[in-house]
Every structure is written in C-alpha cells, then in structure tokens.
Amino acid sequence: MYNEIRGLRNHPTYIIETSWGALLILVMLVVNSGQQFVDLVKNFDATDQEMVRDLIILLSVFFLYNGLMIFLSFRQWKLTSLSIVDGSLTWEQNTIFAKKQEISVSTISNVNLEQNIFERIVGTYKLKLDTSSLSTANKTDMKIILGEADAYKVRDLLLRLMHGEAAESMYTDGPTDLQNSDLDDAEKETTNPYGYACEQEDFDIVLSGKENILSAIASLDGISVYFSFWMIVAGIGGAAILKLSGGSNGESIAILVTFLFVAAGFIKKIITKALDCFHYKVRRKEDHIYITSGALKIRSYSVPVNQIQAFRLKKSLLGRLMHRTSVSIINVGGEKEDVDGQWILPAVLDTELPEMLSKILPEFQITDGKEMVRRPMSVLIRKQLMNVISKVVVTGLLHFLYFEYLCYEWDLADWSYNSAVHIVILVFGAIWMLWDGLQNHVEQRTEGLKISEESVSIRRGKLDWEQVQISYDKMQMMKLSQGPVMRVLHTRKGQVRVLASTIGCVQKLPEMSEAVMSLLRERFQATID
Amino acid sequence: MYEKRNPKARLLLLTSSVITMTIVTVGVVLVLIFAEISETWIRNLMIAADILAWVVALVAPFVRYNWYRARFTDEEIDVRQGFLMIKETIIPIERMQKISLETGPLDRMFGMSKVVVYTAGGEETIRFLDEERAKQISESLKNRINRYAVSKREQDMSVDQQDTTMNQQEESENV
Chain Y
1333 MYNEIRGLRN HPTYIIETSW GALLILVMLV VNSGQQFVDL VKNFDATDQE MVRDLIILLS
1393 VFFLYNGLMI FLSFRQWKLT SLSIVDGSLT WEQNTIFAKK QEISVSTISN VNLEQNIFER
1453 IVGTYKLKLD TSSLSTANKT DMKIILGEAD AYKVRDLLLR LMHGEAAESM YTDGPTDLQN
1513 SDLDDAEKET TNPYGYACEQ EDFDIVLSGK ENILSAIASL DGISVYFSFW MIVAGIGGAA
1573 ILKLSGGSNG ESIAILVTFL FVAAGFIKKI ITKALDCFHY KVRRKEDHIY ITSGALKIRS
1633 YSVPVNQIQA FRLKKSLLGR LMHRTSVSII NVGGEKEDVD GQWILPAVLD TELPEMLSKI
1693 LPEFQITDGK EMVRRPMSVL IRKQLMNVIS KVVVTGLLHF LYFEYLCYEW DLADWSYNSA
1753 VHIVILVFGA IWMLWDGLQN HVEQRTEGLK ISEESVSIRR GKLDWEQVQI SYDKMQMMKL
1813 SQGPVMRVLH TRKGQVRVLA STIGCVQKLP EMSEAVMSLL RERFQATID
Chain F
77 MYEKRNPKAR LLLLTSSVIT MTIVTVGVVL VLIFAEISET WIRNLMIAAD ILAWVVALVA
137 PFVRYNWYRA RFTDEEIDVR QGFLMIKETI IPIERMQKIS LETGPLDRMF GMSKVVVYTA
197 GGEETIRFLD EERAKQISES LKNRINRYAV SKREQDMSVD QQDTTMNQQE ESENV
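The listed protein sequences derive, respectively, from chains Y and F.
First residue of the first sequence? That's 1333 in the numbering used here, and the numbers climb one at a time after it.
First residue of the second sequence? That's 77 in the numbering used here, and the numbers climb one at a time after it.
It cannot be assumed that every hint is accurate.
[What the hints assert, rightly or not] Lysine-lysine pairs mimicking DSSO-like chemistry, simulated, CA-CA at most 30 Å apart:
| hint | chain 1 | residue 1 | chain 2 | residue 2 |
| --- | --- | --- | --- | --- |
| 1 | Y | Lys1840 | F | Lys211 |
| 2 | F | Lys174 | Y | Lys1431 |
| 3 | F | Lys163 | Y | Lys1715 |
| 4 | F | Lys228 | Y | Lys1617 |
| 5 | Y | Lys1613 | Y | Lys1600 |
| 6 | Y | Lys1840 | F | Lys190 |
| 7 | Y | Lys1840 | F | Lys84 |
| 8 | Y | Lys1782 | F | Lys163 |
| 9 | Y | Lys1600 | Y | Lys1542 |
| 10 | F | Lys174 | Y | Lys1432 |
Because the hints were derived from the structure by calculation, they are not lab data.
Make the full structure from the sequences, and use the hints.
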C-alpha cells in the first residue's frame, strides 16, 4: 500500500475544462468568419483594402488572445503538481506567479470529490480539500482534477493519514504509475479502506426518488414562497390598474404573465434542490461521514466528525406543513452553496429524523422545542408596539407621498379612482401590519435557548426556523449586547462565534432575559475554568 | 477586577468625534452652497440633522468612557463597551491565536495604544490603554497563549504515548 505521492498533475482534460470558453470562441471564429474572409480575399478589390486590413487585425487579436488563454491553461497544467510526503501536502504552481502551498494533513477538514457533466463524460473527478484555516474559510483550499483511480487513491491516502493509520509498507509510486491510471478489477476489490471499494459498501441511509422530491419541496425557504405570493398579487393588481386606467387587454395580460413567470422562479429552486439530492446516500464510518448525491453534479463528500463546529436543524415554512426537517453541519471551508455549512440530511420526516441521526451522528441529541426557554413576553409586546407605530408612519408617508407629490407629477390629480387609492394604501398598510404581527407572534413561540452542561441549543426564526447546537468547547468567543430599551426590560441579545466561514461563524442569540443570558455566560466560563 | 481606565481616553474620544464632525459639517455646508436645493424644508432638515449629530458627538465620548470596562483573568478576557448599545465580549485565553499592538495617530498624540486579540471566530480590541500598560498586557497574553500551547502539546504527546504503549501491549499479547 502506498504511503506517498509525488509530482501528481491535473488530468489532461484540465486544459479543456479551464479554457473551453477560449476554444469555443476560436472554433466559432473559424466557422463563422473563416469562409467570409476567404471569399473577401478571393474577390479582393482595391476599395476593400481597408476593410480587409481591419478584419485581419480583428481576427488576429481574437486568435492571439484566445490562443494565449489556451496556452496558459496548458502551461498551468504542465507546471502544477501535488505531492503528499511525510504527512504534508504540497501544492506547487510554477507558472508566472509561482506559488507553493504546504498543508499539514492534520489541518485538513474535508476531502471531497465532485463530478460535473463534462467530468462524468470524460471519467474524471475534482478532488477538493478544505482546511481549518480561517483565512480560507469561505473557499476551498485546493482543487485538482484527476482520473477515477488517482482521485480515489489520493483520497484514500489522505484519509488514512488523517486517521493516523500506518501503512503496511513504504511504497512510493513514481508519477507515471499514478498518471491517468485506470481502476482494474483487482483495484475495485482493493483493501484501500477509503478507496473505490468503500464507495460500494452499504450506506446507512438511502433516499428514494419520491423522498427526494418531497424533501426538495420542503426545503423551499419562506422568502421564495412570500416572493412568489407577492409577485402573483402584484401581477393581478398591476393588470387591474392598467386596465382601469385605460390600457388595452393585451398590455394587462402581458403584465400579468410577466409577474407570473417571475413567481414561477420557485419551481427552478425545487428542481435544483431535487437534482442536488438525487440518489442521496450517507454512511458513518469511524469518525467520518460519507455523503454521495447529485444528478448533474455528483458529490462525494467525507466530513470528519471532530471538525464539526456546530450542528444545525432547519425547517422551512413548507417543512413545517409537511413535518420535515433538514440537517446540516457547520465547519470551516467549502464554497458557493456549502459556504454556510454542508447539509448531511435533506428534509426528512420528523418521525424518522432521530433514528437517521443516531446512525450517522449519535454524538448529537436533538433538543425538542418544548425543552427550550422562550423569550420574555415583554419582548413581544415591544415588537408589536413598534410594528403598529411603524406601519402607521409608513402608511401616512405613502399617503402624503402620493397625494402631495406623485399624483401631480403623474398628472393624476383629477383621476376618478383617487378615492380608491386611499383605500388601497390603507388596506396595504393593514395587511402588512397584520402579517408582521403574525410573524412576531410565531417568532415568540419559536425562538428560545436550551442551556445544558456541555452545549447550548439556539432556536431562531419565524415561519422558517433553524436550531443550532454548539458545544462550549467549540465556541471561540461570546458577545452579549443590551440597548437602552433592553436595559429597561432586563433583556439581552448576543452572538456566539465558532470556527467557520464568514456566514457560519456568527451564530446569533435571540433576545432573552438577563437571568438566562447570565446562566449561559456562566456555563461558558465554567468550561474555560 | 476591571482594568483602571485612563482619563486621557475621554479627550481622545472627544478629539476623534470633533474631527469627524468637522469633516461632516464641511460636507453639509458645501452641499447646501453648491447643490442648489430649492426646498426650504430639506435645507432645514439637513441643518437640524447636523446640529443633532454635533450634540451626540460631544456627549458620546463621556458616555462611552463611562461604560467602558476591561478585565483580564487567568482564563479569559472580558471587555464591555458601547454608547447606546452596550456590548460585552468574553474571550477564553485558550482560544486566542494572535495578539497585535496597534497605535493610531490620535493614540500617539495622547500616549495610548490598543491591543487586538484574534481567535478563530473573530477579533476584539482592548482600547484606552497607556502605551506601557498595552505592552505589558500584550506580553502577558502572548506568554499565556504560549504556555497553553505547550501544555496542550504535552497533553497530546502523552495521549499518543499511551496509545502507542497500549498498541504494543496488545501486539505482545497477540504474539
């Protein structure tokens, strides 16, 4: 079994993957402009001299630029290499801006494999590494494109080193042995504990197609639902107003269709989520969780349990109605959709969640909402008062703005429906006030804290909520704050910081009584002492 | 016990407020002169806002100084500060990764410095310290961080040794 890797390069398809734009432009130039140019030269006339010269210059610039992009990609492929020696990973780029990164294997938090559509066609994998470094908390530290065999071998070696497992023999393959090697049948049966064969073991949880679709719908966030709802309202309202103010049927229908089209954007979100969760499988092996999922982009993630900084349950508005909750973990690293934490369970049924979680994360116990200490009633009273005052002020301002300014600007001072505008503004203000009042009430019943000896569970949200559980030994710092009104009401709010990305590192505490916050602070300080 | 506050801090805060407000007021005056705002109520609103900002700028330094507290124990740092919103930050020594000593131009004028502590979850600034005192605190925190790192390393090594001993015992039993 190998214990080192030296001088491993990206797969040759890296050149195509990084410069496909330039290649496409070159091909299009040749196909579209090539024949025109040849015809122009054949029928050359003295009056065309300037045009031909300009065309030559333009085509030359395009060819040179795109050719340069392709050459740079080739150079980057040729001069970039990965080595894993003595428990340390070296990523070296000897291009114009030379860079050499040395990463200790002990700081690696995630070793993930991904495959987009192009990579699936050519049979390559993108290996992504994240470390526990705060400076790269919002991005992946290193990415390399490898053939299937190499990708699994590198992952196998890294995970063995992370587990501190000694190799049976010190055997180092030369770079040619690992370059573009194929997995043969023997290797598919290999004893590499984290290699290809490991992907074929039984998974602890596998989601069916129907569960996948239901979890995608339940994952839709409240903002998308509200946005779609208000787009439909705006579409109907806009079409009606246009018709009433003398517009044609066609214009009204066009407005309505446009808004309905925008509202249907939530369908795209459901489809994207369903594709991400397609063929979802998860398994716990020793101190790692292995997740595989994806239709267009296949992801094969390995998450070390000891690098988990916090554990999050999320329930959207639709999730509440469908009784489904999703689970994600907060750790450092990851980019794009993973920057706020990696999900490990899509929205599954609440009745099945405890059993599923016990299989993959028995370290974490779900805290029931009923065990939580809720916000004091004084906070709700204050919020409702502010709600009423703010809506009265905004409605008054809208009224003033329209009747004292806009109706003159738009020449609608004598519009026969101005009295209806009064009512529309008042109704709009009333609906907005009732909606926010309802949300404040739901927030009062949702938000809370559970402070135990070793960890704190924080629940926040309104119609959508999330619950984050953080051990005191993972907390980096705690900030508590109190404004002038809170001093009168004897409440405080605050935040806890963990090692994670910019979004994930700050976990807000809801506004709670001083006694509860003091208890939380004491428990945190007791862990330090 | 909380760190004793340096009275020069009030003067520093006041100077900073006055400089900021002077720049803002010059900006407002230039807008009023050159922007040709015809509406009287807008001009009056701008002047009233500027006057209110001056009042706050002159009062805030004293309120902020009054609220400010910093405490250092063997295990943690506790900093309390703010104007309207009072914030209290608790940072365990064992979470600290880096210490930085900073002195701005105004700090230099009043013989003061700031100590900035960094953790994996963010940073916090301890202000209103004498230059000497800031250096002492910075050195003390650095030594405590190093001591903690050494003891953690020793702990990890003894755990590793115990594991190795147990593995060797198991192997000899198997043989």
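Hints versus structure:
1. Y:Lys1840 to F:Lys211: Since the Cα atoms of Y:Lys1840 and F:Lys211 sit roughly 33 Å apart, the hinted pair is violated (cutoff 30 Å).
2. F:Lys174 to Y:Lys1431: Since the Cα atoms of F:Lys174 and Y:Lys1431 sit roughly 25 Å apart, the hinted pair holds (cutoff 30 Å).
3. F:Lys163 to Y:Lys1715: holds, 21 Å
4. F:Lys228 to Y:Lys1617: At roughly 28 Å apart (the allowed maximum being 30 Å), Y:Lys1617 and F:Lys228 satisfy the hint.
5. Y:Lys1613 to Y:Lys1600: holds, 23 Å
6. Y:Lys1840 to F:Lys190: holds, 27 Å
7. Y:Lys1840 to F:Lys84: Violated, at roughly 35 Å.
8. Y:Lys1782 to F:Lys163: Distance ~22 Å between Y:Lys1782 and F:Lys163 Cα, so the pair holds.
9. Y:Lys1600 to Y:Lys1542: holds, 18 Å
10. F:Lys174 to Y:Lys1432: Answer holds: F:Lys174 to Y:Lys1432 is near 24 Å, not above 30 Å.
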